[in-house]
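Top line first, the protein sequences correspond to chains A and B. Just so we're aligned, residue 178 is where the first sequence starts under our numbering, counting upward by one. Just so we're aligned, residue 178 is where the second sequence starts under our numbering, counting upward by one.
In short, the hints are calculated from the structure, not lab data. Predicted model, so just to flag it, every value in this text is computed and none were measured. Worth double-checking, as some hints may not be accurate.
As the list claims (entries may be wrong) - Within a straight-line C-alpha distance of at most 16 angstroms, the following computed EDC-like cross-link-like pairs (lysine to aspartate or glutamate) qualify:
1. A/492 / A/455
2. A/492 / A/470
3. B/298 / A/455
4. B/298 / A/460
5. A/298 / B/460
6. B/492 / B/455
7. A/298 / B/455
Said to hold, decoys possible - Pulled a few chain A residues facing chain B out of the computed Cβ check, cut under 8 angstroms:
8. 245
9. 249
10. 250
11. 268
12. 269
13. 270
14. 272
15. 311
16. 445
17. 518
18. 520
19. 521
20. 522
21. 524
22. 525
23. 526
Stated by the list, open to error - Covered by chain B, per the in silico footprint, the following chain A stretches (three or more residues, Cβ under 8 angstroms):
24. 200-209
25. 251-263
26. 527-536
Positions of the beta carbon are idealized from the N, C-alpha and C atoms, including for glycine.
Protein chains: 2
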Amino acid sequence: MIQFHHTTLPNGLTLLAEADSDAHTAALGFFVRTGARDESPHVMGVSHYLEHMMFKGTARRSADDVNREFDELGANYNAFTSHEQTVYYAQVLPEFLASAADLLGDMLRPALREEDFTLEKNVILEEIGMYDDRPEWRLQDTLLETYFNGHPLGHRVLGTHQTVGDLTAAQMRDYFSQRYSPDNIIVAAAGQVDFDALVSQLTGLTAAWPPTDARREGGDPRPAAVQQRLTDDRVTRHYLAMLAPAPSAQDPQRYAAKVLADMLGDSDGSRLYWNLVDPGLAEEADFSFMPQDGSGAWFAFAACTPGRADAVEAKLLETLDQAASGDVPLEEDEVTRAKNKLATGATLQGERPLGRMMRLGSQWMYLDRYLPLEEDLEALMAVTRHDLRSLLAAYPFQPRTIVRLGRGEGGAA
Amino acid sequence: MIQFHHTTLPNGLTLLAEADSDAHTAALGFFVRTGARDESPHVMGVSHYLEHMMFKGTARRSADDVNREFDELGANYNAFTSHEQTVYYAQVLPEFLASAADLLGDMLRPALREEDFTLEKNVILEEIGMYDDRPEWRLQDTLLETYFNGHPLGHRVLGTHQTVGDLTAAQMRDYFSQRYSPDNIIVAAAGQVDFDALVSQLTGLTAAWPPTDARREGGDPRPAAVQQRLTDDRVTRHYLAMLAPAPSAQDPQRYAAKVLADMLGDSDGSRLYWNLVDPGLAEEADFSFMPQDGSGAWFAFAACTPGRADAVEAKLLETLDQAASGDVPLEEDEVTRAKNKLATGATLQGERPLGRMMRLGSQWMYLDRYLPLEEDLEALMAVTRHDLRSLLAAYPFQPRTIVRLGRGEGGAA
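Model the full assembly from the supplied sequences, consistent with the hints where possible.
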C-alpha cells in the first residue's frame, strides 16, 4: 500500500514521500531546482562543477568521510546535473535511511575548500576533454546552442574550457548561496520510509539554511531555424540531429506529445524505425519529446553511412512532415501500441523505490503538486487521435534547426 | 508474498517461477545454456548471430510480425549472448504475459530463411566493425583470447570478419538443432504469474521440440601467464587489463570472492579506488569477479594518461599482491562495507520482477537448483576474514595475463 506524504518546512524546504510498508529498500533524493539554464554565460558549467564539489566534504566531514560513509551504508548513490535540475540521491536498506539523510543533507552545505576547488577543476577539464574526443556527443551541444539562440537552455552543462578554466571559488560560492536555498529544494523519498521521522530529522538538519527566494530567470526561448554542417575526420558515420518546439512539462498536451514521440520515433518499432532502420537505410533513427520548464522541444537523431546522408535526412523529414500534414493518417492501432509501451514503462518505473522517488521529485519540481502514478496512467491512456491532431497543429516540427556531422570532403569514405 | 514453482516437462524443458501476487508486471525469460564457448572455432560468432536471427520470424510469423507483436504488447524486450548463455526476455503488464510467452516460445523455433540470413550477416559484420573502431573494447577480446589460450572461453562473442563472413545458413541450422534442445533451455518467470497456466501453455507450445541431450564440451581452461602490449594511435589514454583464476559459479567460495572483489575493486570506494582513482593517478581502476561454469576469473582494468602507465600498473599489482600476501591485512570494517554494498545490490535486484527472473534463470543454469534470495544473502553476510584468507591462498591472482594498450612510440602524447 503506497501512502503519500507532504510537508513544507518554515525555511521553504519541501518534503515528499511515497511510503510503502512492503518495500525492502528506501530511496531518498535532494532535487535542487537549478542547472545550466540558471547560470550566467561567463560561469557556464558552475552547476555541474558544484555538484562534484558536494562530494568533497563539509564543515564536519572530509571528502574521504563522505565517500567512506556512503560505503559503510552499502549505499547505491549518485548525482546528476541537467539544464534544469541538480539531483543527489541514494538507495539503501531501510535501516540506513536516517544515516543516508544525514549524509546527503550535510553534503548540501559543502565546505567548498579552495584546494579541493583547484584539484577538482582538472577533473572537470578532463571530462570536457573527453567530450571533445567524441564528435557525435559534441553534435548535441552545438545543436542546443544554435537552436536556443542565446537563451540559457542552449548552455553546455559541462561548460567550456574557457568558462570552467576561469571560474573562481568565490563565483561558485555566490552561485551556491543564491541557488541552493531551501525554498529551491525538494526532498523526495520512497519505499520503506518513516515520514515523520524524516521530517523531524531534516527540520533539525536544515534549520540554519537561509531561504533566498530563488527564482528562475531568462524568460521563454525564441528558437532559431538554422541548418548547419560540422565536419570532423575522426567520425566514420554521418550524424544528423534536429530540434523543434514542443509542449512544456506543465502543458496538458504533454501526454499526447509522449504518445506521438513513441509512435514516430521509438527505437523498438515506430514510423522512423520502419522507414529507416528496418530497411537498413540508417543504423539509428530516434525521435523524442523533451519537456522542459515552461517550454519543450522535439528532438530527432539519425546515424548512417556517409553515402546515405541525403536519403536518410529526406526520409526522416518526410516521415515527420507526413504525420504533421495528415498525409499519412494516424492509425488507431499505432496509437494503442504507443500507449501500451508507455504504460508498461511507467508501471515498471513505479515498481522500484528509486523510480517512485525520481518521479515524485521531478514531478513536484515542474507541477508543484502530487500526481499519483494511476492518474498519470489514466491521462496517458485517454489520449485520442483527435488530441494528437490538435497537438500536431500546434507543434508541427517547425521552426526547426538541423545540425549535421560528417567527415570533411578530403576525408570522405 | 513470493512463491517458488518448478517443473520439468517430458521433453526436458525446465520451468521456474517466483510468483508475486502483489506485482504489477511480469517478466519472462528463455535461458539457453549455449554461447561462444560452445562453438567450434570455425563458426565462432554463431551463437550471437543466431540470437539476431530469432527476431527474423518463424513458420507462422514474419520478422515484421515479431516486432509488431512485441510492440502491441507494449513489451520491454531484449536478448543477449555471452560466452555461456543466450537469453531472450520480455517484461509486460500481467494481462499480456500469455501473449508474450506465445511469442517468445514461437521465436525459439526460427525459420532461419536464407535471405534473412544473408541480410543479417551485414548487420553483424557492421557490429564487428564498430568494435574495431573502439580499441579499448578490443583490448578485452585480446585479453580473453590470450589468457584462455586455445580454450573456447577465449572466443569472441561476436566472432570475426572471417568466421562470420564464412558462416553458412546450414552451419547455423546444425548449431541450432544441437544447442536449442528443450533439455538445454530454462524458462524463468517472475512477478504477477499464473504458473499452472504458463506450464500448460508451454507444454503445448514445445510438445514437438526434440530433445538432443545437449552437453557442454571443452573441458577446463588452462590459463596462460603472458604479458602483451598492443599499440593503436587512435587512443589518447593508456589501458591495462588483467585476468587470473578465481572460483567458479558453483564454488561455495564464490561468496567470499564477491566480497573480496568489492573490497579491492569497487569503483565507488575500495583499495584500488583509494590507491589509484582518489589521488588522481588513474581515471578508472576496477577489479571484479567473473564466475563461470566450472571455472572463474579475476578481472582487473585501469585507464590513465600515458605518462602514468608504469606507475599505475605497479600500484595496481602491488595493491592486489599485498592483499594476497597479507602485507596489508584485511580489516573488519572494509569487509563489512563490502558486504553491505553487495546486500543492497542484491536486495535492489530482488525488488523487480526483471531482477528476480534474471537471478532465477541464471542461478538454475549453474546450480540446477533453487536458491532463495534470503539464503543467498545469508551466505554472503556469513563471509569472514578467515574465509577471505583461505580464498586468497587458493586464488592469489596467479598465473596472471596482462594486456596493455597505448599509442605507438611515434604517436605518444
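Each hint, compared with the structure:
no. : hint          : in the structure
1   : A/492 / A/455 : holds (13 angstroms)
2   : A/492 / A/470 : violated (31 angstroms)
3   : B/298 / A/455 : holds (14 angstroms)
4   : B/298 / A/460 : holds (14 angstroms)
5   : A/298 / B/460 : holds (14 angstroms)
6   : B/492 / B/455 : holds (13 angstroms)
7   : A/298 / B/455 : holds (14 angstroms)
8   : 245           : holds (7 angstroms)
9   : 249           : holds (5 angstroms)
10  : 250           : holds (7 angstroms)
11  : 268           : holds (6 angstroms)
12  : 269           : holds (6 angstroms)
13  : 270           : holds (6 angstroms)
14  : 272           : violated (10 angstroms)
15  : 311           : violated (11 angstroms)
16  : 445           : holds (7 angstroms)
17  : 518           : holds (4 angstroms)
18  : 520           : holds (6 angstroms)
19  : 521           : holds (4 angstroms)
20  : 522           : holds (7 angstroms)
21  : 524           : holds (5 angstroms)
22  : 525           : holds (6 angstroms)
23  : 526           : violated (10 angstroms)
24  : 200-209       : holds (count 3)
25  : 251-263       : holds (count 4)
26  : 527-536       : holds (count 5)
Of the numbered hints stated above, those contradicted by the structure are hints 2, 14, 15 and 23, listed in ascending order.
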